Amino acid sequence: MHAQAGQAAAEPQLDVRAVHLWRGERHLLRGTSFVLERGELLQVVGPNGVGKTSLLRCVAGLLPTESGDIVWRGRQLQDCRDDYHQELAYLAHINALKPDLTALENLQYSVALRRPVMQQELRATFARLRIDQCADLPARALSAGQKRRVAIGRILLTRASLWILDEPITNLDSAGIALFEECMAEHLRTGGMILTAAHQLLLQGRPGVRTLELH
Amino acid sequence: MQSSGLGVLVRLVIARDLRLAVRHWDQVMQPLIFFAIITTLFPLAISPALDELRRIAPGVVWVAAMLASLLALESLFRPDVEDGTMEQWVLSGQPLSLLLLAKVATHWLLTGLPLVLMSPLVGTALGMPQSAWPVLMATLALGTGSLSMLGGVGAALTVSVRRGSVLLALLVLPLEMPVLIFGARAVDLAMHGEPVAGPLNLLAAALLFFVSLGPFAMAAAMRVSVET
Amino acid sequence: MWLWFHKLSSPPYAYRVATLLRPWFFWSAMALMLLAAYGGLVLAPPDYQQKDAFRIIYVHAPAAIMSLQVYVVMAIAAAVGIIWRIKLAHAVAAACAPVGAAFTVVALATGSIYGKPMWGTWWEWDPRITSELIQLFLYLGYMALRASFDDTQRADRASAILAIVGVVNVPIVKYSVVWWNSLHQAPTISKLGKPAIVLSMAWPLYTMLLGFMLYFAAVLCDRVRSEILRRERNATWLLETVKTS
Numbered sequence: 001m002h003a004q005a006g007q008a009a010a011e012p013q014l015d016v017r018a019v020h021l022w023r024g025e026r027h028l029l030r031g032t033s034f035v036l037e038r039g040e041l042l043q044v045v046g047p048n049g050v051g052k053t054s055l056l057r058c059v060a061g062l063l064p065t066e067s068g069d070i071v072w073r074g075r076q077l078q079d080c081r082d083d084y085h086q087e088l089a090y091l092a093h094i095n096a097l098k099p100d101l102t103a104l105e106n107l108q109y110s111v112a113l114r115r116p117v118m119q120q121e122l123r124a125t126f127a128r129l130r131i132d133q134c135a136d137l138p139a140r141a142l143s144a145g146q147k148r149r150v151a152i153g154r155i156l157l158t159r160a161s162l163w164i165l166d167e168p169i170t171n172l173d174s175a176g177i178a179l180f181e182e183c184m185a186e187h188l189r190t191g192g193m194i195l196t197a198a199h200q201l202l203l204q205g206r207p208g209v210r211t212l213e214l215h
Numbered sequence: 001m002q003s004s005g006l007g008v009l010v011r012l013v014i015a016r017d018l019r020l021a022v023r024h025w026d027q028v029m030q031p032l033i034f035f036a037i038i039t040t041l042f043p044l045a046i047s048p049a050l051d052e053l054r055r056i057a058p059g060v061v062w063v064a065a066m067l068a069s070l071l072a073l074e075s076l077f078r079p080d081v082e083d084g085t086m087e088q089w090v091l092s093g094q095p096l097s098l099l100l101l102a103k104v105a106t107h108w109l110l111t112g113l114p115l116v117l118m119s120p121l122v123g124t125a126l127g128m129p130q131s132a133w134p135v136l137m138a139t140l141a142l143g144t145g146s147l148s149m150l151g152g153v154g155a156a157l158t159v160s161v162r163r164g165s166v167l168l169a170l171l172v173l174p175l176e177m178p179v180l181i182f183g184a185r186a187v188d189l190a191m192h193g194e195p196v197a198g199p200l201n202l203l204a205a206a207l208l209f210f211v212s213l214g215p216f217a218m219a220a221a222m223r224v225s226v227e228t
Numbered sequence: 001m002w003l004w005f006h007k008l009s010s011p012p013y014a015y016r017v018a019t020l021l022r023p024w025f026f027w028s029a030m031a032l033m034l035l036a037a038y039g040g041l042v043l044a045p046p047d048y049q050q051k052d053a054f055r056i057i058y059v060h061a062p063a064a065i066m067s068l069q070v071y072v073v074m075a076i077a078a079a080v081g082i083i084w085r086i087k088l089a090h091a092v093a094a095a096c097a098p099v100g101a102a103f104t105v106v107a108l109a110t111g112s113i114y115g116k117p118m119w120g121t122w123w124e125w126d127p128r129i130t131s132e133l134i135q136l137f138l139y140l141g142y143m144a145l146r147a148s149f150d151d152t153q154r155a156d157r158a159s160a161i162l163a164i165v166g167v168v169n170v171p172i173v174k175y176s177v178v179w180w181n182s183l184h185q186a187p188t189i190s191k192l193g194k195p196a197i198v199l200s201m202a203w204p205l206y207t208m209l210l211g212f213m214l215y216f217a218a219v220l221c222d223r224v225r226s227e228i229l230r231r232e233r234n235a236t237w238l239l240e241t242v243k244t245s
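Residue numbers (this note's numbering), protein chains in the order written: chain W, 1 to 215; chain U, 1 to 228; chain S, 1 to 245.
Don't take each hint at face value.
Footprint (simulated), chain S over chain U, 3 or more residues, beta carbon under 8 Å [stated by the list, open to error]:
hint: 1; stretch: 24-38
hint: 2; stretch: 72-82
hint: 3; stretch: 100-113
The following residues of chain U were derived to be distant from chain W, with all beta-carbon distances above 10 Å [what the hints assert, rightly or not]:
hint: 4; residue: 43
hint: 5; residue: 51
hint: 6; residue: 129
Derived from the structure by calculation, the hints contain no laboratory data. In this text, all values refer to a predicted model and were calculated from it rather than measured experimentally. Ideal placement from N, C-alpha and C gives every residue a C-beta, glycine not left out.
Here chain W stands alone, though its shape is the one from the complex (with noise of 0.2 Å):
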């Protein structure tokens, strides 16, 4: 118990300092700092527009930022950018399904992409997501709300430390949020890390559950 304190008081697995980000004309991040450590969760909130989004993708390194540093587990992002997203999941607002493709095979070439896996794998994270009946269906024919759900099983199956997710629960039900609490409930107790945007604060009271206001 004391040793794990002491690693985990040596160096955070993710350091944002003070970040800065141009829009065009407007200044949209301001010197944004925050730390992330082992089974934590923070949540960025603030206003439309305020530039949550943005900060979720600077973190990502899909948005190049004007200054300021980001930093996983000691190393410069710039410096171990491939390493860094191996141990990464992200969820944009968009799903990232080809529609064309069974949610299965969407699922099937989008994890194998990044580690091999079986379908019965698949299959049961569809099963655990109560989506069983969609994995064979094209994903253009299915709900708003069963495609995100679709998403929600890549970023299970990635196996990813660190989870980036852009307004998770958008078009879920109170079932489809209850279940994904869970599922990040479950994430954080085996030392994973969260960073989210979202309209509606998930997991309140819990411990290691932080905010972050942008305004």
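Take the given structure of chain W and dock chains U and S to it, following the hints.
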């Protein structure tokens, strides 16, 4: 965590894109039909006399192939960028240049190779003798490969630009002019019974050059395009 | 020396340097161009075959050389910008493009003017003119790509990739055009090949070239200054400078 090997990645990309193509045959056919239509324009515009057409046949077939390949480039990256799957490739931690190279190779199989196979028919329609067929197909096989690579770089640069098809043409066509020169002239030389080793070697060298450097330019361009 | 280079990548310093150097570049350019014009138009004897028309070569050749040189400078600046992430390098690349395109147009126009009295046509597909034309397309493509991005930094990065791809292709293009032209039985001497100039009368050519280079430097100073103004318009150092000037 065991990561997928490079060979697996290439096979995955090819399998996925082929599967998608099978489910959308119409998209694959369109550039080929366009190729046939363009070549038909020339007899209509110039003369039905095969003797006159024969002189310009190599050039016409090549220009038509260039324009058809340009049209086909629309379907190379745009669907993946629009539905968000390209973004996931950028974030996969796998070498993006390899993934994009595999994608362009599959695209060539679906759009470039059929052009090569169609070319003797089109050439004959313009009065080209059968003796020129092997050189025609060889130059187009090598040339369409280069066109796909250069086109891939242009497509990666312009994929996030609204209505960027004309911009794509502006960027890519000047870069493709050497390929056109070597390819069309080689066929012309063949039709006059002259040796074609020179331009064929140049086409092969160009292809090797573009294949070795192109994927890195494509990956860099794609990262810029996927930013927003 | 590297320290100075690093200093130069800071916009305020670069702005001051550009402002100081510009008049030197400009006036020496004007002087040299006038001198070269005098040498070419007045001092040089008329060519035996081409009489006075050949004089346009004194403008055409330097313009053609500059059109390629500027492209190379542009590509190098773009590469520096993208590798070492120096925004000012991108500003330099952006500034080069219109100037390079202008040199290319001058080369094409003077080449055309040269051709008319000589060969009776306003246009010929000879290798020099054709590769100048393709060069122009490359410049226009670069400027069009830049213009299609709203965000300056994305425009910088995308056009940098295009510039590097372009500069790598330029030798291929030039070689292919020469090869293409050589297949014909047309006279092997390029239409715009240098006519036999007595060596002592070649000095206006080099003087004009140097004049053009200095003029390019002067225009670059102007354009980089305005790029800096545009990109740094919200920065405090600029407001200070404007207040004090």
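We went through each hint and held it up to the structure:
By the rule of at least three residues with a Cβ nearer than 8 Å to a Cβ of chain S, the coverage given for the stretch 24-38 of chain U is violated, with 0 such residues. Counting residues of the stretch 72-82 of chain U whose CB lies closer than 8 Å to any CB of chain S gives 0, so the stated coverage by that chain is violated, three being the minimum. Only when three residues or more bring their CB closer than 8 Å to a CB of chain S does the claim for the stretch 100-113 of chain U stand; here the count is 0, and the claim is violated. Residue-level check passed: residue 43 of chain U sits 38 Å from the nearest beta carbon of chain W, beyond 10 Å.
A cut-off of 10 Å between C-beta atoms confirms that residue 51 of chain U is not in contact with chain W; the least separation is 48 Å. For residue 129 of chain U, the condition that its CB be more than 10 Å from all CB atoms of chain W holds, with the nearest at approximately 43 Å.
Comparing the model with each numbered hint stated earlier shows that hints 1, 2, 3 do not hold.
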